[in-house]
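Asker: Below, each chain spelled out in residue letters.
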Amino acid sequence: MTEVLAEAIITEPHPATNKWADVWRQFSHHKGALIGLLFFAFITLFVLIGPYIWTLDPNKLDIRAKDMRPIYTVLWNGEARVGWNHPLGTDNLGKDLLAQLMQGGRTSMAVGWTGMVLALFIGALIGVVAGFFRRLDGPLMRFTDLVLSLPILPLLLVAVTLFRESLSQMLGIETGMFILIVTIIGLTSWMQTARIVRGDVLALKEREFILAARSIGTPNNKIITRHILPNVLSPIMVSATLGLATAIITESALSFLGVGFPPDFPTWGKQLADAVPRMTEYPERVVLPGLAISLTVLSVNYIGDGLRDALDPRIRGR
Amino acid sequence: MLTYTFRRLAMSVPTLLFISLAIFLLLKLAPGDPVANQPLTIPPEVRQKMREALGYDQPLVVQYWKWLVQFFWVEPLVLTDHIFGTNFSDGKLRILSWQHRAPVMDIVVQRLPQTLWVVGTAYVVAILIALPIGIYSAYRQYSVFDNAGTFVSMVGFSMPPFFSGVLLIVIFSVNMPRDSFWWFPSIYDTTLRVTSWDTFQAQIRQMVLPVMVLALQITSQLSRFMRASMLDNLNQDYVRTARAKGLSEWVVVMIHVLRNSMIPVVTVIALGIPTIFGGAIITERVFKVNGIGDQLIGALFASDIPTVMTLTFIFAILIVVFNLIADILYGILDPRIRYD
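As you go down the protein sequences, you meet chains A and B in turn. Mapping of the first sequence onto full-length UniProt numbering: residues 1 to 318, in sequence order. Mapping of the second sequence onto full-length UniProt numbering: residues 1 to 340, in sequence order.
For the record, the hints were derived by calculation from the structure and aren't laboratory data. Please note: incorrect hints may appear among the correct ones.
As the list claims (entries may be wrong) - One side of the interface only, derived from the structure: several residues of chain B facing chain A at Cβ under 10 Å:
#1 LEU9
#2 ALA10
#3 LEU128
#4 SER158
#5 MET159
#6 VAL166
#7 VAL194
#8 TRP197
#9 LEU231
#10 LEU311
#11 ASN323
#12 ILE325
#13 ILE328
#14 LEU329
To be verified - Dumping the calculated DSBU-like pairs for lysine-lysine here, alpha-carbon to alpha-carbon at most 35 Å:
#15 A:LYS222 / A:LYS205
#16 B:LYS66 / B:LYS92
#17 A:LYS66 / B:LYS288
#18 B:LYS245 / B:LYS288
#19 B:LYS288 / A:LYS60
Unchecked claim - Residues of chain A clear of chain B, computed beta-carbon distances all greater than 10 Å:
#20 TYR72
#21 ASP145
#22 SER149
#23 LEU257
#24 PRO283
Backbone N, C-alpha and C fix where the C-beta goes; we use that ideal spot for every residue, glycine too.
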């Protein structure tokens, strides 16, 4: 009997591995998620390292070289003004589109990541506290429901337009705007995370290993950090991807409506908005930033989809 | 169920009060002067008088109370007067928009039809498209159709409306020849009155692009939801029983499974209805539909505080009400769910 069992263990196709290797194996089976990850890595490198390779200043005005078309326009229009010094063309003030895309991407990504981290932090905190301490559960979840029934986009707009002036005066236009937008995104998108985390913590709290930890005298804060948090990491990671996607979209929507960053500070949404009046002649100025936003968000959404499958133990190993 | 409904109704009163207070405080605590937009030639003492006339020198509690009275007492009175021809509201002060110098509610009534038409149509179209897609992709899970559907819905909620809208404009109203059937106007003409077949056609044509943008978004979310819900049900034992009884596949899927899967989907549809009234701010902006959402943005830029406050609060009321309706619907449709 033991021999048979031992044999079975030896002939197991996958040797015993740790959890994250399993997760990765499942994740890499999800083709969309893999492509999404590759693209996301590419776009991150593009905005992070790009400006060091393509060193043109995105805000440099070069009025002689204004309104140049992207280099690929030559394929169907031989007379278009193109040049390798501006591979994606220039705008109506002669700013280089490629450099602007990189700079704009930096802003959008920075806002997206910080807003997402803030939202996750608030959400995880409220979720864990509500799930772990029974007395706080009622009030905190009531509060979450309240915030969920606020009309988010109108309030975002109201808050940004109302506080823009004073924060800009205090911290300088760019930092002020950045902090304002990130805070607002963080404060308005933590609710889903809080709900999911609370549900998981409630279930975890009744498990034996928590009882064991408690019976050897582990204090509450250690139980939370050592035993609860690692176990709710998967839902947090999945909502992180969703949060990143929403944060990027929200930032560009604000910029598009004209309540985001100041005019000379490029972000993808603002580039798109600025290009709309002349999109008939220069469609690429709308399409390129729009594609950048959409593809980034698409890749993040696919990563989230893959992660959800990979982190779900019921699906993993199939 | 009735007790639950009453309890929830009672709960929604403090919720709404809290929300109104939050919106009120956000607007009041924000730095900014209500008369900052007035000409610089106005002397300071007149400016001060203007502030007093707007009630800005009174304590916040008084201002909040006055707003509450106007919103919950005067405006409903105006409505009853309008319907029954009474005159309860004579001489009472209504919420006035600073921008239009007219009651905010009158503006809302003017703007609402456009929003309802465009966003409502988009919602209906989206439901009609999303449900069959969701059903079929769940029935043929991991088929080519399912994968394509997944991809399209992923694209649908990754593409922000200001990009998809602009893209559609470039394709259908810029690059399309003007006399082609596929040419659609990019600007929504609100003055158009539908009186004949031609104007009706024009109305439909100008609705096509905004409806497409909104429907893409709503469809992608709903079809994912429908698919997930169908998948949950398709593997249940009662489906095997139904098949074992020899029921036809159509009856099994479209009657047994679909009816059970529709329960959560119906509530999700109910939850989405406030967005119809709240308007799609960005889409309305892109296609210049002068609906509610467009009005909100306009009021914000003109720092027309009463309008902003009233509109956001109306959105909040709608969200709370439809949350309640969704929960009650859930209880009615699914007898397994008991709230008490």
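Asker: Evaluate each hint against the coordinates.
Answerer: Here's how the hints hold up against the structure:
no. : hint                : result
1   : LEU9                : violated (14 Å)
2   : ALA10               : violated (14 Å)
3   : LEU128              : violated (25 Å)
4   : SER158              : holds (4 Å)
5   : MET159              : holds (5 Å)
6   : VAL166              : holds (5 Å)
7   : VAL194              : violated (29 Å)
8   : TRP197              : violated (31 Å)
9   : LEU231              : violated (12 Å)
10  : LEU311              : holds (7 Å)
11  : ASN323              : holds (6 Å)
12  : ILE325              : violated (13 Å)
13  : ILE328              : violated (16 Å)
14  : LEU329              : violated (17 Å)
15  : A:LYS222 / A:LYS205 : holds (13 Å)
16  : B:LYS66 / B:LYS92   : holds (12 Å)
17  : A:LYS66 / B:LYS288  : holds (29 Å)
18  : B:LYS245 / B:LYS288 : violated (56 Å)
19  : B:LYS288 / A:LYS60  : holds (33 Å)
20  : TYR72               : holds (17 Å)
21  : ASP145              : violated (8 Å)
22  : SER149              : violated (5 Å)
23  : LEU257              : violated (6 Å)
24  : PRO283              : violated (5 Å)
Comparing the model with each earlier hint shows violations of hints 1, 2, 3, 7, 8, 9, 12, 13, 14, 18, 21, 22, 23, 24; every other hint is respected.
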